[in-house]
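> Chains as they are written, first to last, in the working numbering: chain G, 1 to 232; chain E, 1001 to 1576.
Source of the hints: derived by calculation from the structure; they are not laboratory data.
Any given hint could be a false lead.
These stretches of chain E come out as covered by chain G in the derived footprint (C-beta under 8 angstroms, 3 or more residues) [as the list claims (entries may be wrong)]: (1) 1056-1070; (2) 1224-1238.
The calculated lysine to aspartate or glutamate pairs, modelled on DMTMM-like cross-linking and capped at a C-alpha distance of 25 angstroms, are [what the hints assert, rightly or not]: (3) G:K65 x G:E148; (4) E:K1260 x E:E1304; (5) G:K37 x E:E1474; (6) G:K106 x G:D46; (7) E:K1091 x G:E205; (8) G:K106 x G:D171; (9) G:K156 x E:E1226; (10) G:K65 x G:E197; (11) E:K1222 x G:E150; (12) E:K1212 x E:E1226; (13) E:K1450 x E:E1464; (14) G:K65 x E:E1474; (15) E:K1222 x G:E128; (16) E:K1180 x E:D1527; (17) G:K156 x E:D1356; (18) E:K1180 x G:E193; (19) E:K1180 x G:D62; (20) E:K1450 x E:D1487; (21) E:K1489 x G:D62; (22) G:K156 x E:E1474; (23) E:K1399 x E:D1527; (24) G:K156 x E:D1231; (25) G:K156 x E:D1178; (26) E:K1222 x G:D146; (27) E:K1091 x E:E1121; (28) E:K1180 x G:E185; (29) E:K1090 x E:E1057; (30) G:K65 x E:E1304.
For every residue, glycine included, the Cβ atom is placed at its ideal position computed from N, Cα and C.
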Amino acid sequence: MKTSGIKPLIWSLGLLTIVQLSLHADMNDDPLLSMVKMDRLEILDDRENTQKWDGSIWIGYDLNKISLYSEGEHTSDGLESSRNELLYTRAIFPYWDIQAGIAYDKSTNASRKWGEVALSGLAPYYFETRAVVLFNAEGNWGLRLDAEYELLLTQKLIITPSLEADFYTKDDPKMHLGSGLSSLEAGVRIRYEFIREFAPYIGVEWEKTFGQTYRFDPINDLHAVFGITFWF
Amino acid sequence: MHRRTFIKGIAATSLITFSATSSSAKNVPETDKTQQVLSGNEFFLEIGYTPVNLTGEPSIATTVNRQLAGPTLVWQEGEVVTLHVTNHLKKSTSIHWHGIILPTHMDGVPGLSFEGIAPGETFTYHFKVQQHGTYWYHSHSDFQEQTGLYGAIVIKPKKKEPFSYDREYTILLSDWSDEKPSTIFKKLKQESHYYNVSRRTLGDFFDEVKTKGFGSAFSDRKMWNEMRMSDRDISDVTGYTYTYLMNGTPASNQFRAQFKKGERIRLRFINASAMTFFDIRIPGLEMKVIAADGNHVKPVNVDEFRIGVAETYDVIVQPRSQKAYAIFAQSIDRSGYALGALTPHTSMDAKAPQMDPRPVLTHVDMGMSMDMSSGGGMKCSSGMMMPNKNKMKSMKFAKMEAHHFPITKLPMKRGVETDMVAPSPQYRLDDPGVGLRNNGRRVLTYADLKNRYSTANFRKPDREIILHLTGNMERFMWSINGIKYADAKPLIFHYGECIRVTFINDTMMNHPMHLHGMWSNLETGDDNRLVRKHTVNVQPGAKISYRVIVDARGRWAFHCHMLYHMAGMFREVRVL
């Protein structure tokens, strides 16, 4: 039986919608709120028509939240991989949250559970930043860095360059991960916000694997992407 | 023993149209088409849901007597009023009489004055009116104020006032949204810049590079970028969702006030908005400001004035031409305006002037001094607009700086809930504020306000408290001294004492601070002319002081009147 990473996400979206409808932010400075954010839901112009998603959900209060992150891809020939995180998020500085919890990576024929600690927030110059430290039972440590910037051409037309880098301390052949710098992903997307909550976009994304990871999975691809971003 | 309450429509507001066209709203009767004025000693106010259409989309408002704005209440100074308020809503409600001096249990703040008015219940307010002037009332429950629960109060004076006029109108300004207030609040928490549709673009940056070169343009941006703040962040909630109303009428319909050529007309301006500051002018007419927050001030002639949320100003104008004058109230961020006409014929419309350019915050608004902005620690210099002759004027307020009273230390927290500290907050009473500086018009400032009557006998303060207005804009959290209401102990005032309250605004937003039950006697440069106010705006990065004679026992609310700041930026004042 094939498990799909996107199904629990869709299921959670539905649940969160119901929860949101039942919440009221009355005269209370810190009501229980939630947010569903699909940063990217896109199709690549490659042979497999790879579909990718990258989103998050949180529910909680100003300073304390439960967060769920999920990103992954899924191709026309049925291959799928995903990374999922379930975290407690605590605001520690005006612009920064610390997060701790568990992560679950799934590749075509293997999976890994990780313990996780992350720092997430807005760096000076408005860089939306996230640094994730992972550790698993095999003694492997991982570091995943993520940064994104928004450049407004107009109030609605917005360019978003992004950069992601993954590092590990050990090789993990089952997961096709090599030690050291494992992969880089750089993208530029341009979106049009019809409303704040919804925007279609086009862009390009370059992905490259390095070192042992490249031997497991030789990737050095530049693709056009088409997608939508939405939140509520 | 009570005079009968009577109802009459103001002719000038006959054009208020609430076309309740939606079929879904048919089960609720249509709103009355005229604005009510109720006067007398006994009033019956019915709070309920009313269908309205202010934007082209049908919506449901919470109203008093099916009116938006609610009926204007006319009281007589020295008389006792009885107000029966019946709640037809599904939720608890309340009415607070804003700026009225009365016993604490009549103040209408759920949780402090009373328990609120439960659905189906009637609460009777009963108190003696001890003042005169222009005030207003509004719900103090949930976000009901945003959805229409407000109205004007006009109190006729016992003695003849020291000015004359031929006619008067109440001009009540407000901001309406078809979005639910809880939705607005949620969106601000999720994405605090949600309603800001004038953020900086790449084009703005290139324009600046063109005019002052890359280095200078970049260094101007540097501080803001490092602080993760935007100099275009003027209002939290804007015309993106708001339709601005004058006496419940959107600009497209124009509220009309009639005049005869040469008449002197008293306009009683009330800002009943949830979140909007307005800049008001009547192009072609000079306005003589005669009262602020209901209290007489030395008359001052201006072309324009800014009215903070919950403030009131009375002005006298004298139109001499047979034409329709625009009563133009643009929102502080220029994202929209309320518009009315001062017109010789109700058929004559006024033409709205162009809105001013969108304002941009400066270092002054961040509470930085001149020295800091030019070559000091923070290098971000060229071409920033400063209030005129800053140095000289800060000398003028040196006396206020020099006041020393025993300071009562209050708990203070600087943590995740505060994102900014004004490094050098100044008394900026003569600063008309962002967007109004050096605009070529005579703009009212707090420094222009002088009590009409001497306050030379005013008591010296026994002590002073310093309240920092704090927040985290990105997370949309607001507090006082870094501590939100839910986590704060009440402020203890002692009956009979005189307290100097000094605010320091450690945020980039205006905060109109409202103390219930007692007057805020504002220092505007002359201690013999302290200005009696109920709501005092603290400008971004600024400092301001006022004196309170603690003459009312009980539990009182003390808070920022920005509706979505209020829940956190709030204190209970307990007078023992």
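> If you draw a straight line from the CA of K156 (chain G) to the CA of E1226 (chain E), is it 25 angstroms or shorter?
Cα-Cα ~24 angstroms, so holds.
> At least three residues with a C-beta closer than 8 angstroms to a C-beta of chain G: is that true for the segment 1224-1238 of chain E?
holds (count 4)
> Given the hinted pair K1450 (chain E) and D1487 (chain E), is their alpha-carbon gap at most 25 angstroms?
violated, 37 angstroms
> Given the hinted pair K1212 (chain E) and E1226 (chain E), is their Cα-Cα distance within 25 angstroms?
The given pair, whose Cα atoms are some 21 angstroms apart, holds under the 25 angstroms limit.
> Hey, K65 (chain G) versus E148 (chain G), does the alpha-carbon distance stay inside 25 angstroms?
Satisfied, since the Cα-Cα distance of roughly 22 angstroms is no more than 25 angstroms.
> Given the hinted pair K1091 (chain E) and E205 (chain G), is their alpha-carbon gap at most 25 angstroms?
violated, 52 angstroms
> Quick one, are K1222 (chain E) and D146 (chain G) close enough, alpha carbons at most 25 angstroms?
holds, 23 angstroms
> Would the hint linking K1222 (chain E) and E150 (chain G) be met if the CA-CA limit is 25 angstroms?
holds, 16 angstroms
> Would you check the hint for K1450 (chain E) and E1464 (chain E), treating anything up to 25 angstroms between C-alpha atoms as holding?
This hinted pair holds, its Cα atoms lying about 22 angstroms apart.
> Within a Cα-Cα threshold of 25 angstroms, do K1222 (chain E) and E128 (chain G) meet the stated pairing?
holds, 17 angstroms
> Would you mind confirming whether the straight-line C-alpha gap from K1399 (chain E) to D1527 (chain E) stays at or under 25 angstroms?
With a Cα-Cα distance of about 10 angstroms, the restraint between K1399 (chain E) and D1527 (chain E) holds, given a limit of 25 angstroms.
> Compare the distance between the alpha carbons of K156 (chain G) and D1356 (chain E) with 25 angstroms, and conclude whether the hinted pair is satisfied.
Given pair K156 (chain G), D1356 (chain E) holds - Cα atoms ~23 angstroms apart, limit 25 angstroms.
The structure fails hints 1, 7, 16, 20, 28 and 30 (numbered hints given earlier, in ascending order).
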